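J.: As a plain string of letters, each chain reads:
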Amino acid sequence: KNEVEQSPQNLTAQEGEFITINCSYSVGISALHWLQQHPGGGIVSLFMLSSGKKKHGRLIATINIQEKHSSLHITASHPRDSAVYICAVRGNTPLVFGKGTRLSVIA
Amino acid sequence: GAVVSQHPSWVICKSGTSVKIECRSLDFQATTMFWYRQFPKQSLMLMATSNEGSKATYEQGVEKDKFLINHASLTLSTLTVTSAHPEDSSFYICSATQGASTDTQYFGPGTRLTVL
Chain A
1 KNEVEQSPQN LTAQEGEFIT INCSYSVGIS ALHWLQQHPG GGIVSLFMLS SGKKKHGRLI
61 ATINIQEKHS SLHITASHPR DSAVYICAVR GNTPLVFGKG TRLSVIA
Chain B
1001 GAVVSQHPSW VICKSGTSVK IECRSLDFQA TTMFWYRQFP KQSLMLMATS NEGSKATYEQ
1061 GVEKDKFLIN HASLTLSTLT VTSAHPEDSS FYICSATQGA STDTQYFGPG TRLTVL
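Residue numbers (my numbering), protein chains in the order written: chain A, 1 to 107; chain B, 1001 to 1116.
For reference, chain A alone in the conformation it holds in the complex:
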């Protein structure tokens, strides 16, 4: 079974800071997802990627297949970015989720 580790577990940042959240996994995958879970519980899919880099607004996701590692970057962070960010990987099994990184952005 794939082991998915995220770091850091908790992160507090000042508004405007550049933020990086990391995800490592143990077994080769076909795709990696980054999800955002708001305090109320709702989940939004941010990215699905299998190689390289994707960008959407202030969010950037990268993946290094050889190193089994992905990063999610947030530029010019804002209090509304406060949420739990979850990494999930897909291989031959259904999605395996990391425990999430709780981000708090302070104005």
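Just so you know, the hints here were simulated from the structure itself, not pulled from any lab data. Any given hint might turn out to be false.
Cross-link-like lysine-lysine pairs, in silico, BS3-like; alpha carbons within 25 Å at most [said to hold, decoys possible]:
| id | chain 1 | residue 1 | chain 2 | residue 2 |
| --- | --- | --- | --- | --- |
| 1 | A | Lys68 | A | Lys99 |
| 2 | B | Lys1014 | B | Lys1064 |
| 3 | A | Lys1 | B | Lys1041 |
| 4 | B | Lys1064 | B | Lys1020 |
| 5 | A | Lys99 | B | Lys1041 |
| 6 | B | Lys1020 | A | Lys1 |
Quick caveat: nothing in here was measured; it's all calculated off a predicted structure.
Model the placement of chain B on the given structure of chain A, informed by the hints.
T.: Just chain B, lined up with the frame of chain A:
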């Protein structure tokens, strides 16, 4: 974009009763739907995968007789927690894909179940 809804958003019930949670894809046909459970400050855990018109596939350790899943149409899947107990209290989330189970999953807003 693809929208998935869940109903109810929260429910409180007495121990021993059954609770039904609905998951609907509002603007697309969901070939595959997934049911997850999330305990406080824990990761999502897949409970079962359901395909329209066929029996759900349950993950190891999930009691299929306790968590009844019905995917009767391409836009609706239901999860029924039978004879609920306080340990079943959790946040239940569904997701759906438009095509194969490996496609992008669209998540519902979740249902918080509290069993007294």
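J.: Decide if the proposed pair is consistent with the structure: Lys1 (chain A) and Lys1041 (chain B), CA atoms, cutoff 25 Å inclusive.
T.: Holds, at about 21 Å.
J.: So if I understand the rule, the pair passes when the alpha-carbon distance is 25 Å or less; does Lys99 (chain A) with Lys1041 (chain B) pass?
T.: holds, 8 Å
J.: Given the hinted pair Lys68 (chain A) and Lys99 (chain A), is their Cα-Cα distance within 25 Å?
T.: holds, 17 Å
J.: Mind checking the alpha carbons of Lys1014 (chain B) and Lys1064 (chain B) for me, to see if they're no more than 25 Å apart?
T.: Holds: Lys1014 (chain B) and Lys1064 (chain B) sit about 21 Å apart, inside 25 Å.
J.: Under the criterion that the straight-line Cα-Cα distance not exceed 25 Å, is the pair Lys1020 (chain B), Lys1 (chain A) satisfied?
T.: Since the Cα atoms of Lys1020 (chain B) and Lys1 (chain A) sit roughly 31 Å apart, the hinted pair is violated (cutoff 25 Å).
J.: Straight-line Cα separation of Lys1064 (chain B) and Lys1020 (chain B) no greater than 25 Å?
T.: holds, 14 Å
In summary, the one numbered hint that this structure violates is 6.
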